[in-house]
Amino acid sequence: MIPAAFDYVRAGSAEEAIALLGEHGDEAKLLAGGHSLLPMMKLRLAVPSVLVDIGRVSDLSYITDGGDHIAVGALTRHRALETSDLLAAECPLLGHVAGEVGDPQVRHRGTIGGSLAHSDPASDLPAAVLALGGTLVAQGPNGSREIAAGDFFTGYFESALADDEMLTEIRVPKAPGAGWNYQKFNRRAQDWAIVGAAAVTVNGGTNVALVNMGSVPLRASAVEAALAGGASAADAAEQAAEGTDAPTDLNATPDYRNHLARVLTRRALEAAGVS
Amino acid sequence: MLGPEADETGEVIVEISVTVNGETRTGDVEPRTLLVYWLRDDLRLTGTNIGCDTSSCGACTVHVNGESVKSCTMLAVQADGEDILTIEGLAPSEDELHPMQEAFRQNHGLQCGYCTPGMVMAAVSLLEENPDPSERDVRLGLEGNLCRCTGYHNIVKSVLACAAGETAA
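These protein sequence lines are chains Y and H, in that order.
For the first sequence, our numbering begins at 1 and goes up steadily by one.
For the second sequence, our numbering begins at 1 and goes up steadily by one.
Fair warning: there could be bad hints in the mix.
Unchecked claim - Computed, partial: chain H to chain Y, Cβ under 8 Å: (1) Val69; (2) Leu97; (3) His98; (4) Ala122; (5) Pro133; (6) Gly141.
Stated by the list, open to error - Each pair of labels, with its calculated beta carbon distance range: (7) H:Thr26 x Y:Leu86: 54 to 60 Å; (8) Y:Glu146 x H:Asp41: 44 to 50 Å; (9) Y:Tyr156 x H:Thr24: 43 to 49 Å; (10) Y:His259 x H:Glu135: 31 to 37 Å; (11) Y:Asp68 x H:Glu11: 49 to 55 Å; (12) H:Gly66 x Y:Ala271: 32 to 38 Å; (13) Y:Gly205 x H:Ala91: 31 to 37 Å; (14) H:Arg136 x Y:Gly273: 52 to 58 Å.
It should be emphasised that the hints constitute simulated quantities derived from the structure, not laboratory data.
Just so you know, even glycine gets a beta-carbon here, dropped at the ideal spot from N, CA and C.
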């Protein structure tokens, strides 16, 4: 399959990319690693008339120590996250989850910014950043703004980014020594999660985020509240499907997904050391 | 900034220059041309196969700057200026196989052969990142490549044999 024809423009910097987005409006799409966008373009699920290639904006590929957080450039590839010693020491959940995306070939090309901006509720990294309570930095024509991960995912494949904004950095709080775990359930290697659950202990509390349990990645608020109220991991996990809206597809019914959410949440909590 | 230029038919064409198997190759491509089609149809490097065309099967795996990539999920224009290695460029000479190719031959790591170019390219990339993998590492490392013949056992055996230096360099 070959995508529908489009115009191709290569941006040399974030500023140039943002100017091009401003020029072309919602007809344009940013192209980073292309591993979410190109498959959708082949299927005609996305038909942008202009692609702005930001794959060479190399100053947005970094993983650095920001003091109380780790700052990750939006164009950092999954493979770099997966093999980062800094993330392994300070925020191991993020590096681990990056290593669960797709397969090695996909991880060599896919970028964290691309994955988050794509806002696929079945993707691994959005839920990881949500569980971590991360902050996303969006740059637009009038400068940058910070968006909490909890406010970023606004709908099915929709984010809080304006048409002329570009995601430039992802910040995740440092949590060395925190308990963490990610459970990804699928039937075939390299597939998206049928359901996934990420758990991480932060500041004395526990955050849980769910993959593919609604139109956006979700925090399992009922589980978090139950844990905060003193419930055991096993009892709290029973509430994992509360407030979710699990989709139906060829892999699973909502009932089956609700069951998976409960089981995977319990496993993630227990593996994260929450008893 | 590189902008599109329309030719006389109004079609947008981009000129690319790519190092392919050590040689500089240039081409005029439509932006929507996938790397695998440019390699196969324009350069006639047909060793890289198209299997699923949905970034699942790995038959189209090539190296981009030394790393395995599915060439059905990359535009040729994205390869502009990059260093591509295909299965044709892997062996050191006309009459000598790469150690990974030799390992596949010796261990019967293929049957029909369709997945083999991609499997070999993925395996070489895997060993560059992890020169001493366990069997589990190999199985996980090749999760992006499907084989419908072998049941994978002899492929895994081939990669482990290559890692152990059991095939001539």
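Here's how the hints hold up against the structure:
no.: 1; hint: Val69; verdict: holds (5 Å)
no.: 2; hint: Leu97; verdict: violated (23 Å)
no.: 3; hint: His98; verdict: violated (19 Å)
no.: 4; hint: Ala122; verdict: holds (7 Å)
no.: 5; hint: Pro133; verdict: violated (12 Å)
no.: 6; hint: Gly141; verdict: holds (6 Å)
no.: 7; hint: H:Thr26 x Y:Leu86: 54 to 60 Å; verdict: violated (40 Å)
no.: 8; hint: Y:Glu146 x H:Asp41: 44 to 50 Å; verdict: holds (46 Å)
no.: 9; hint: Y:Tyr156 x H:Thr24: 43 to 49 Å; verdict: holds (44 Å)
no.: 10; hint: Y:His259 x H:Glu135: 31 to 37 Å; verdict: holds (33 Å)
no.: 11; hint: Y:Asp68 x H:Glu11: 49 to 55 Å; verdict: holds (52 Å)
no.: 12; hint: H:Gly66 x Y:Ala271: 32 to 38 Å; verdict: holds (35 Å)
no.: 13; hint: Y:Gly205 x H:Ala91: 31 to 37 Å; verdict: violated (57 Å)
no.: 14; hint: H:Arg136 x Y:Gly273: 52 to 58 Å; verdict: violated (25 Å)
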